[in-house]
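Engineer: Residue numbers (my numbering), protein chains in the order written: chain V, 4 to 842; chain Y, 7 to 400; chain H, 5 to 213.
Note that these hints are calculated values from the structure, not bench results.
Even for Gly, the Cβ is constructed at its ideal location relative to N, Cα and C.
You may find that some hints are simply not true.
[What the hints assert, rightly or not] If you want a taste of the chain Y side facing chain H, the calculated C-beta under 7 Å gives, among others:
{"#": "1", "residue": "52"}
{"#": "2", "residue": "113"}
{"#": "3", "residue": "127"}
{"#": "4", "residue": "130"}
[Claimed, not checked] Quick partial rundown of chain Y residues pointing at chain H, CB under 7 Å, derived from the structure:
{"#": "5", "residue": "42"}
{"#": "6", "residue": "119"}
{"#": "7", "residue": "126"}
{"#": "8", "residue": "327"}
One letter stands for each residue in the lines below.
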Amino acid sequence: MNETQQHSRGRQASRRTFLKTSAAATGAAALAFGTGKPIIHALAADYAAGQVPDREEKIFQAPCYNNCFGHCRLNVHVRDGKVVKTSRAPLPDPRYAALDDDPTVDDSYYRICLRGLSHPQRIYSPTRLKYPMKRAGARGENKWQRISWEEAINTTAEKFTAVQRQYGKTALGIHHGSGNFGTLNGSMPGSLGLLEKTLGATNIDLALDAGYIPGINRVCGFYPGAWNTNEIADIVNSRNIYVWGHNMTVSAIHQWHFVADAMENGAKLTVFDPNFTGIAAKAHRHVSMRPGTDTALIMSMIQVILAEKIYDQDFLLAHTCAPFLVRESDGMYLRMSDMGVPAKEGPIFIYTGKHTVIDPNLVWDTEKNKAVPVDEATAPALEGSFEVRGVKVRTAFDLLRDQVASFDPETSKSITDVAPDVVRAVARDFAKIKPSASLIGMGNQAYDNGPVWGHAIATLHAVTGQIGKSGHALGNPWFMYLGINFGMAAPEAIACIELPELLETGKVKGKVRPPIKALLISQGNPITAWVDQNYWVKTYWPTLDFVVVVDDQMTDTAQMADIVLPKSHWFEHEDILPLGGTHPFIQHGDKAIEPLYESRPDVDIHRLLATKMGFGESYAGSNEDILKQCFETPLTAGYGLTVENVRKYGTLRFQNKGYIAWNDLKFNTQSGRMEFYCDKPVDQAGAPVAPERTKGQRLPTWEQPREASVDNPLFKKYPLVLNSERPRFRVHTQWFNTEWLRELDPEPIIRLNPGDAAKRNIAHGDYVEIYNDRGHAVAKAVLSGGVRPGVMVYPKGWQRYQHKAGSFSELDSRAFDSVGINQSFFDVLAEVRKWNGQV
Amino acid sequence: MNKIEIKTGSQKLIAATAFLTVIGFSLWVYQIVRGLFVSDMRNLSPWGLYITMFMFFVGLSAGGLIIATVPRVFGLKGFKPVSKIAVYLAICCTVLAGLFIVVDLGRPERMWHLLAYSNLGSPLMWDVLVIPTYLIVSTVYLWATLRAEKGKGSEASLKMLSTVALITAILVHSVTAWIFGLQIGRPFWHTSLLAPMFISSALVSGLALTLFVVLILQKVGYLQRDPESKCRMASLLGLFVLVDLFLLFCELITAAYPLGGTEFQVVKTMLTGIFAPMFWIEVLGGLLAAFLLLNTGTQKDNRLVGGASLLAILGIFFKRYQLLLGGFQFPNLTHFSITTGPVAPDAGTWWRGLQGSFIYFPSIFEWSLTIGVVSMGALLLTLGLKYLPLKPAK
Amino acid sequence: MANKRLGMVIDTKRCIGCHTCAMACKVENNLPDKNWWNRTLTVGGKEMDTPSGTFPNASMSYITLACQHCENPACTKVCPVGATYKREADGVVMQDYDKCIGCRYCMVACPYTGVRVFNWEKPKYQVDFAVGDANVTPHQKHTVEKCMLCTHRLAKGLQPACIEVCTARARHFGDFNDPNSKVSQLLLKRSHFQLLPDKETNPTVYFLT
Ligand SMILES: Nc1nc2c(c(=O)[nH]1)N[C@H]1C(S)=C(S)[C@@H](COP(=O)(O)OP(=O)(O)OC[C@H]3O[C@@H](n4cnc5c(=O)[nH]c(N)nc54)[C@H](O)[C@@H]3O)O[C@H]1N2
Ligand SMILES: Nc1nc2c(c(=O)[nH]1)N[C@H]1C(S)=C(S)[C@@H](COP(=O)(O)OP(=O)(O)OC[C@H]3O[C@@H](n4cnc5c(=O)[nH]c(N)nc54)[C@H](O)[C@@H]3O)O[C@H]1N2
Ligand code: SF4
Ligand code: SF4
Ligand code: SF4
Ligand code: SF4
Ligand code: SF4
Ligand SMILES: [Mo]
């Protein structure tokens, strides 16, 4: 046992005493293995309850770092130096209980899943990358030659420096996916962010899961990670839960038992999803709509609520922009700066570090019968047209009512295909039943009209006042984190889907910048994850001089690299997970075993590369120093979160227990209110929306999806909307070749509606080819009464070699909405036919 | 055929069957080493061709003995000239039945556990006791018959022995039937009619095999032609076939009449579903055989009678195979789940279409090993005919 | 002390068919490749995670199936060598790999499709060392195996491996002979069913509806 294990064993002993488990197995019966005596081997070992060490088994604790947002805390059982199993660890860690104001053991956040249980097979996978390799054939030919770490780092440093010298520093692109959210070895702004900053590289942003952000931020204001919503444990207090575009029982399994508790307390569950999914099977009501048309459905709900006057008038008047006056001429708000009172600089906004602007909006005071700043109004008018100093103005509420007027349930049916009585029922329930909650997945934002959808759902909450109290939810606690050091970041970032524009025009959104000529990829599998795989493989990759991928399996992306570096597994290095995902805890991760083969933690790779490229000083410190530098910020200090504390207590809450979002009803908008009318809408990057689109982005506005719509001429040729769904047996592509999981999920499938299949005489179990102008993929047909006619659904994440031909990632389009700047994975039309056997 | 031809013929036969037996044995050893995976048996179809052959040969064995002992027990006009051959045939079939159990066992080296830890509540345990008893009784009976021909031993002791043999034979079928018939978990099997049906099927297959062997032996000159007893045997066989079909009919009409439930589904599968080919060969073949055997005209033509006997035997084999397969083709829990372990050979997942495909079909390995085992039976028979005084006493 | 009747109560209103309990069983007991003692079954269409019915009138639920540790097991009766037997003290139906002669009659007798699995060849493993609990009995070729209610964990006073991991908090384990146990209480409060009651095995696993 080498030094580090000795060290961790020592610490392990101290932790163990704290965990009050009996020191050693007492009275273990003779374990008569295979002595031929035909009796079952009695095992008597009396331990305290819970996961307890066995024989000479040691238990370490670490989070499962990937981004299914479960971030479960796992016991990592090590026996004879091998990880033999994982199990559910207490979360919060019992040691934390001493700090928590309520030390009773609450196990509602204890969690694990089938993937987390399969870690032993990932750690000891026979196909795990063991040593650095360089390409010995063409890119994608998957021919490799082993090289030393020294040669790998030297070549990489040399190539990267050459590219930066020839094209400029930002010609080096660094892309990280969502594979590991750790600080030292993951993609959260930590050691990798430090490397990007040190090398002056360009961060190639994932540009996904963000479609709704511009929309939601208009109404609620900027919030890191988009959704600021109640702690999931609070959902048990909800009476009426709406789930939007969210395959919860697969994509957020640890949320479900809270929702189930709520339902046992009498809450009503309604699921909005074109398809009949697992969560829909649990719901009281399933509302199926034509894909990509939810915005029209929500506008129709708002129309009903306004028409039947069942909106929350008090909330509208007190906490939203409803009474704000808007100039009929240019649609801008009437603010005090228009009345000669100059805007003032407000306090610094902690999340952006910039000063806020104080420029109060004007409302019409019906008692004073004149326009006054909102804070001075005693009886603000909700509706009406007025004139202020010759300027014609109307209340924002009026404009909203006009905007939704034409979306009565009968008319909107032609867009959404949802029956009018259903629209009225769900509208009335959401207005009348309090508290109501919206738990939201990524389905709706996966079309180009994601931003307007975010705007619409937030407006629905504003109109009904369903926010800020226990039992509410607007969003889903995907990214409940504050431990992010935004300072650790690249000087420049570009969305991955803007790379084609840069390649073709040398500009991004009209701004000239150096081309991307070299790529370092880690914690990501873009060749599978990004849209339009054929474009990247055939057009974009050849323009790159040098590509390095850091991973532990030969993924689609690793096969396209010039050098592949083996990274160590999550339990082979210490780290801190600075976010909670779907629970409010930041976690410390033990190092359970030494890195296998020649694999190394990412932070060590960063240090080697930075040093070789002449920037050794930024990585001069130990990993501990880098951890402190990246993790300890004014923000985390405010919560008492230090590296020392997190390591000492294992898990620390970064939100007070029972966190209620927006409970002070102070929103991060300029006015501090929910601004469903946004006179200066901005895009994903915070830049003002292009003038010609501004008018269409001020209020929730119905926009057809770009491709996946019946009005698209392409619909005749490709009449089926192609959606993906989260795979139970993978997280994206991770675990793709873990045998235990492959026994449950052996091959790629495509779910077809039986009617659609019959039209193409496709039978259950046939191999079929899904195709459009961008590419094709072959999979086994599964006929399912859960799939809406006109839709096809495939579990995502298969690697190319696992398909008989093609790949699902060839089929989606890299076109994107200029406001959302987001990959629209579901905005896809395709056709399906029996496969003729051609590859 | 003259003596020389018989001699060289039997030598060739012995050589061939011995060779195939050695092949069979080596396949069995390979199966033990490589694993029963080489068969098509999987977790949803834990038994297969071997157990089918076990049932089939238990049936074949008892048939011969019953024909030999019934006339003696009830003082009827027997088939004296062939009774010794019938008994010896029964012995060979019993040996084969036992061999097929052994070949099917996962851990044959632990067979002593059957004695050391026997669970007397298990129908399989009953069979493990009854079959050796039956083998001993029929051997003693043959031995006694031979001694009686040499004047030793009395007719009374022979009569007593044949009664014991008859009872054991009936017991062997009932117990073998109960292995399946008592299983409430397998609706296809769980019928009280199974034991009587096993006995009637045994009579059909046993007599048919005896008749066929006798015809062959007469053809090769081992036995004199005896048209009268042949016709009587043919008629008796025809009768047994009809009785057997009648019992089958009772089973089907009882299951089908409610026009619903799992039993009705099973009947539909037999009439029109995937079992239909085997079922109709069994029924129509049986009727044809019965006609050929009972019709005074056709029963004279040896080739027709021989053909009818084979048809009857084939029908009974299909009946056994359908019974076994039927127990697994209709799982009680049909909710879809992942593989329950290697459910089907890796070749594909054709088991998924339960309606349209069999859950089990014997692999080539199983057929080859079965041929090997049956060859051993043929070897035993040929050696017996060659070296034992089975010809009718002068 | 009085005999226990250990078994499970599984809430089908909560179960989301996530296979976590199936995987926990597989790892804990170091099951050979392709063997599953606990499986998640979709009650619905022709394939996993597909509902019955035609869109949009569809319905889907899940049950998890392992040995039911029946009060009147169909399996122990037929085993010719008593290699599978029901323990007096707690009702667990056991498998003795050393005694088993691999005749598979117990698999034929058990009405619960796929509960008993046979090692049709030498057990193969992806990982070249035993995972799971150190005290699990090594698997043997050509013998039958099945859930034994994690006897090695019961001996340590722990619940079976597949209980605490349930993501939906749908799995409950306890002694049905103890009226105050959680499982007994649940049966009083909630409507429930047993699988294949007409097979007279009286399983010790109940499904809440
Ligand atoms: N097991 C597992 N869990 C995961 C992941 C994984 O890879 N594996 N990935 C994680 C990540 S990174 C993410 S972003 C989340 C995503 O979590 P989810 O968004 O829940 O993931 P999806 O399965 O894509 O679910 C999208 C749902 O939206 C529905 N949908 C499609 N079009 C529309 C529409 O127009 N309107 C409405 N209302 N619904 C629509 C689809 O039918 C589908 O049910 O999952 C996380 N959890
Ligand atoms: N068609 C379609 N495509 C989609 C989606 C969809 O719904 N449909 N969803 C999209 C969404 S929401 C997301 S979040 C993306 C996710 O896409 P990615 O973020 O690319 O996620 P993964 O496929 O899990 O790839 C993660 C890779 O990181 C590696 N990795 C894990 N840990 C480490 C580590 O510690 N160090 C290093 N260096 N590498 C590590 C893993 O081995 C794996 O190869 O997929 C997107 N792609
Ligand atoms: S894969 Fe996700 S849900 Fe499963 S153990 Fe890891 S973090 Fe938890
Ligand atoms: S479920 Fe099957 S194996 Fe388990 S006790 Fe009952 S009959 Fe026996
Ligand atoms: S396979 Fe083993 S446990 Fe099953 S009945 Fe035969 S001997 Fe008993
Ligand atoms: S009790 Fe143990 S052996 Fe039985 S299914 Fe659960 S984990 Fe598997
Ligand atoms: S772990 Fe729980 S929810 Fe998942 S399949 Fe098992 S019983 Fe169902
Ligand atoms: Mo994501």
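Engineer: Work down the list of hints and note, for each, if the structure agrees.
Structural biologist: Here is what the structure says about each hint:
The beta carbon of residue 52 (chain Y) is positioned within 7 Å of a beta carbon in chain H (closest approach about 4 Å), and the interface hint is therefore held. Interface hint status for residue 113 (chain Y): upheld, as the beta-carbon distance to the closest one in chain H is roughly 4 Å, under 7 Å. Taking 7 Å as the C-beta contact cut-off toward chain H, the hint placing residue 127 (chain Y) at the interface holds, the least distance being around 5 Å. Hint status for residue 130 (chain Y) relative to chain H: holds, with the closest Cβ pair at about 5 Å, below 7 Å.
Satisfaction of the interface hint for residue 42 (chain Y) is found here, the shortest Cβ-Cβ separation to chain H being roughly 5 Å, below the 7 Å cut-off. Against a cut-off of 7 Å between C-beta atoms, the interface hint on residue 119 (chain Y) holds, since the closest Cβ of chain H lies about 4 Å away. Interface restraint check for residue 126 (chain Y): the shortest CB-CB distance to chain H comes to about 9 Å, outside 7 Å, so the restraint is violated. The beta carbon of residue 327 (chain Y) comes no nearer than 16 Å to any beta carbon in chain H, farther than 7 Å, and the hint placing it at the interface is violated.
Consistency note: the structure conflicts with the earlier hints numbered 7 and 8.
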